[in-house]
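Required output: the full structure, derived from the provided sequences and hints.
Sequence lines, in order, name chains F and X.
The opening residue of the first sequence carries number 273 in my numbering; numbering runs sequentially from there.
The opening residue of the second sequence carries number 38 in my numbering; numbering runs sequentially from there.
All clues given are correct.
DEER-style ranges, computed between Cβ atoms:
| # | chain 1 | residue 1 | chain 2 | residue 2 | range |
| --- | --- | --- | --- | --- | --- |
| 1 | F | 319 | X | 213 | 46 to 54 Å |
| 2 | X | 204 | F | 273 | 36 to 44 Å |
| 3 | F | 282 | X | 241 | 22 to 30 Å |
| 4 | F | 334 | X | 216 | 39 to 47 Å |
Hint data in this document are derived by calculation from the structure and do not stem from the laboratory.
Here the structure is a predicted model, which means the values were calculated and not measured.
From the three backbone atoms N, C-alpha and C, an ideal C-beta is built for every residue, glycine too.
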Amino acid sequence: MPVVHIATVVPISLTVGANRIVPAVAIPHPLGNPKMDPAEEKALRRSLVEKALTALTTEIEDQTVF
Amino acid sequence: MTIRVVHYINQFFGQKGGEEAANLPIELADGPVGPGAALQAALTGKAEIVKTIICGDSYFNENEGLACMGIREILQDIKPDLIIAGPAFNAGRYGMACGKVGEVAHGLGIPVISGMYNENPGYELYRNFSYIVETTNSAAGMRQAIPAMAKLVTAWIEKEGKLGTPAEEGYMPRGLRVNFFAEERGAKRAVNMLIAKLEGTPFQTEYEMPVFDRVAPQPAILDLSTATIALVTSGGVVPKCNPNRIESSSASKYGEYSIGGLECLCEATHETAHGGYDPVACNKDPNRVLPVDVLRDLEREGRIGKLHDKFYTTVGNGTSVANSKAFGAEIAMHLKNAGVSAAILTST
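Set out below in structure tokens:
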């Protein structure tokens with residue numbers, strides 16, 4: 273069962289051993305940005321989740337940052 | 038001058054029997070017994086095993102309070118200079134007993150030298166109290182364990198109890214920090230280490246990092262349109278008012294909550310219990326940490342088969358590696374049993 277880690281501090285994600293990593297927006301709001309208007313923010317969130325789904329459908333040999 | 042030693046061993050090495058004798062209460066024998074004979078031979082002229090304490094492994098672990106009281110009385114009576122416990126190899130109950138003897142002796146100011154396999158729970162739990170030599174995982178390694186323990190006992194005698202570091206003396210790290218005066222200041226040592234690292238020459242860290250295990254990458258999902266995707270987070274998203282009281286730091290538990298029928302998370306229904314980041318953005322819109330809204334859209338559009346109707350959550354704030362590992366293993370098992378195809382784990 274593959275797992276994708278969406279996290280802002282990628283070096284930590286690499287250190288703890290995540291294999292599929294998607295860099296996020298910011299520590300308190302990895303999948304959003306309160307400064308954006310709601311529609312824009314949701315589009316940003318969707319793009320990150322889509323990237324995560326791409327990671328889950330991609331075969332990897334080693335730790336990979338998408 | 039020879040020092041006086043008491044040796045602690047279990048029923049098996051005390052030649053009382055195997056598992057059928059594991060309920061044997063504490064017995065005290067004169068002189069060395071079992072592996073004590075080889076230890077005594079290696080320590081001739083330096084140390085004398087005056088008494089051997091033999092106790093059944095089950096007895097010790099099932100009657101810990103009583104066993105400790107008995108051991109304490111014996112030690113107070115004999116007043117040895119040193120205690121040798123085991124070696125226990127990877128025998129869990131035996132290791133726990135040797136470790137506990139170490140704790141009791143420590144309370145009386147008597148040092149303990151033991152031998153265990155590095156994964157013995159007795160080492161993990163009681164390493165602060167004893168000097169424990171690393172052994173193999175089975176008694177087949179007795180021939181290496183005895184000389185290693187005798188060597189450490191000899192060093193302890195020669196240095197009058199002032200043993201050097203684990204690496205110098207050949208015992209496993211005790212998880213203790215010891216103050217000492219270094220010849221060079223910290224900044225210079227750090228720069229020297231950095232230069233050594235850049236040059237690719239060996240250097241010794243002064244602060245060991247925890248060891249994280251590695252998991253082989255899992256095969257990719259072949260068809261998202263039939264996949265069940267689960268959401269997991271260390272960002273502390275919980276139903277409003279944190280019903281299971283997940284701690285805001287050093288979490289001792291994780292939560293499993295239903296999102297069945299929920300179109301998104303909102304301010305009225307969810308919040309974060311995490312105490313390590315500014316919660317305002319998450320509390321205002323918890324989808325910023327756990328993207329339920331977007332996954333519902335993708336589910337409706339047929340991009341994914343299904344969003345799993347439960348999510349798993351904990352607070353990743355000062356939470357120990359051991360707890361995290363245990364949570365991860367349990368959560369993965371729940372997901373697997375529920376037929377989930379893949380998980381999205383979000384972290385703050």
